[in-house]
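According to our numbering, the sequence shown holds residues 8 to 282 in order.
Keep in mind the hints are simulated off the structure, nothing from the lab.
Bear in mind that the values here come from a model prediction, so they are computed numbers and not experimental data.
Some hints could be false.
[As the list claims (entries may be wrong)] List of simulated lysine-lysine pairs, DSS-like, C-alpha gap at most 27 Å:
id: 1; residue 1: 179; residue 2: 272
id: 2; residue 1: 179; residue 2: 120
id: 3; residue 1: 272; residue 2: 232
id: 4; residue 1: 267; residue 2: 232
[Stated by the list, open to error] Restraint ranges, calculated between C-beta atoms of paired labels, are given here:
id: 5; residue 1: 265; residue 2: 156; range: 35 to 41 Å
id: 6; residue 1: 186; residue 2: 207; range: 51 to 57 Å
id: 7; residue 1: 276; residue 2: 229; range: 40 to 46 Å
id: 8; residue 1: 265; residue 2: 170; range: 24 to 30 Å
id: 9; residue 1: 204; residue 2: 178; range: 21 to 27 Å
id: 10; residue 1: 204; residue 2: 171; range: 23 to 29 Å
id: 11; residue 1: 156; residue 2: 211; range: 16 to 22 Å
id: 12; residue 1: 262; residue 2: 225; range: 47 to 53 Å
Glycine included, every Cβ here is placed at the ideal spot set by N, Cα and C.
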Amino acid sequence: MGSEVIHELLLSFVEAGANVLRLKGRGFLGPAFFLTQLSHINSPAMAVLCMACSQGIDAFSQSGLYSNHQDIAPRYSGVLLGLSNTAGVLAGVFGTVSTGYILQHGSWDDVFKVSVGLYLFGTVVWNLFSTGLKEGRRPYVIPVGGSNSLGTWGYIEAIREIEEQFQSGIDKVHAFSVYDDPDYFYDYVQGLLDGLEAGVDSRDIVNIQNAKGLGYAINTSQELKFVTEIAATTGIVLDPVYSGKAAYGMLKDMAENTKKWEGRKILFIQRASQP
Numbered sequence: 008m009g010s011e012v013i014h015e016l017l018l019s020f021v022e023a024g025a026n027v028l029r030l031k032g033r034g035f036l037g038p039a040f041f042l043t044q045l046s047h048i049n050s051p052a053m054a055v056l057c058m059a060c061s062q063g064i065d066a067f068s069q070s071g072l073y074s075n076h077q078d079i080a081p082r083y084s085g086v087l088l089g090l091s092n093t094a095g096v097l098a099g100v101f102g103t104v105s106t107g108y109i110l111q112h113g114s115w116d117d118v119f120k121v122s123v124g125l126y127l128f129g130t131v132v133w134n135l136f137s138t139g140l141k142e143g144r145r146p147y148v149i150p151v152g153g154s155n156s157l158g159t160w161g162y163i164e165a166i167r168e169i170e171e172q173f174q175s176g177i178d179k180v181h182a183f184s185v186y187d188d189p190d191y192f193y194d195y196v197q198g199l200l201d202g203l204e205a206g207v208d209s210r211d212i213v214n215i216q217n218a219k220g221l222g223y224a225i226n227t228s229q230e231l232k233f234v235t236e237i238a239a240t241t242g243i244v245l246d247p248v249y250s251g252k253a254a255y256g257m258l259k260d261m262a263e264n265t266k267k268w269e270g271r272k273i274l275f276i277q278r279a280s281q282p
């Protein structure tokens, strides 16, 4: 809950023109402060409060792995990505082992000191090497999946490219939702369209069908078998949470409503749900 509150505050601060570096600094130094207090607290309730505040304020610095690469050093984002996916994982391995040794000596204080040290080190590195703002870049907020009106322009460009490839244009879009229900997504898409001032009704441009099955990230044996068979026969890897359920729902609808799809050329757009 604390992270959600901080997330909303972060969005409002950035949209109001707040300095991103200062916000990042709070994201590092805030948790460090509350972790130092844990060593001096005897009340379980206060300890929980400090931990909650630490995790909540940490949301100031959680803008996503790859966007962090772009913020710290745009020219070297590829190198940073490579380091994160190789040497970067060593911290998780050695950190777990080191924590085990520390706890054997019965000292949580040492664990908190290590965490505080990492936060302080991160603050120094961030402020020394952040170059995005210095190069005249102005960061803006795009939530997970690019799911806001600004992020929608990326999808618009993708459709524009597709339209150039299909001179005859495209038909009404068919979408398959993997969580919640179609009404929720019709309203959500309408909000995006309103943000773009498109003057279009969502139900006129997209047909949304339910493909969540048993529920979000919950699969039936048939869905898992489908994902496996697609990978084995085509080499296309679909994930079981998003693209796999969408493709399964589409092919199921094609089998049950043959007239609806008869004679049509179909382009299945797979979102980047895989790393």
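Hint-by-hint comparison with the structure:
1. 179 to 272: It holds: about 12 Å lies between the C-alpha atoms, which stays within 27 Å.
2. 179 to 120: 57 Å, violated
3. 272 to 232: It holds: about 25 Å lies between the C-alpha atoms, which stays within 27 Å.
4. 267 to 232: 26 Å, holds
5. 265 to 156: 35 to 41 Å: Once the Cβ atoms are compared, 37 Å apart, the range 35 to 41 Å for residue 156 and residue 265 holds.
6. 186 to 207: 51 to 57 Å: About 24 Å separates the Cβ atoms of residue 186 and residue 207, which means 51 to 57 Å is violated.
7. 276 to 229: 40 to 46 Å: Hint violated: Cβ distance 23 Å, outside 40 to 46 Å.
8. 265 to 170: 24 to 30 Å: 27 Å, holds
9. 204 to 178: 21 to 27 Å: For residue 178 against residue 204, whose Cβ atoms are near 24 Å apart, the range 21 to 27 Å holds.
10. 204 to 171: 23 to 29 Å: 24 Å, holds
11. 156 to 211: 16 to 22 Å: Roughly 18 Å apart at Cβ, these two residues keep to the hinted range, so it holds.
12. 262 to 225: 47 to 53 Å: 22 Å, violated
The structure fails hints 2, 6, 7, 12 (numbered hints given earlier, in ascending order).
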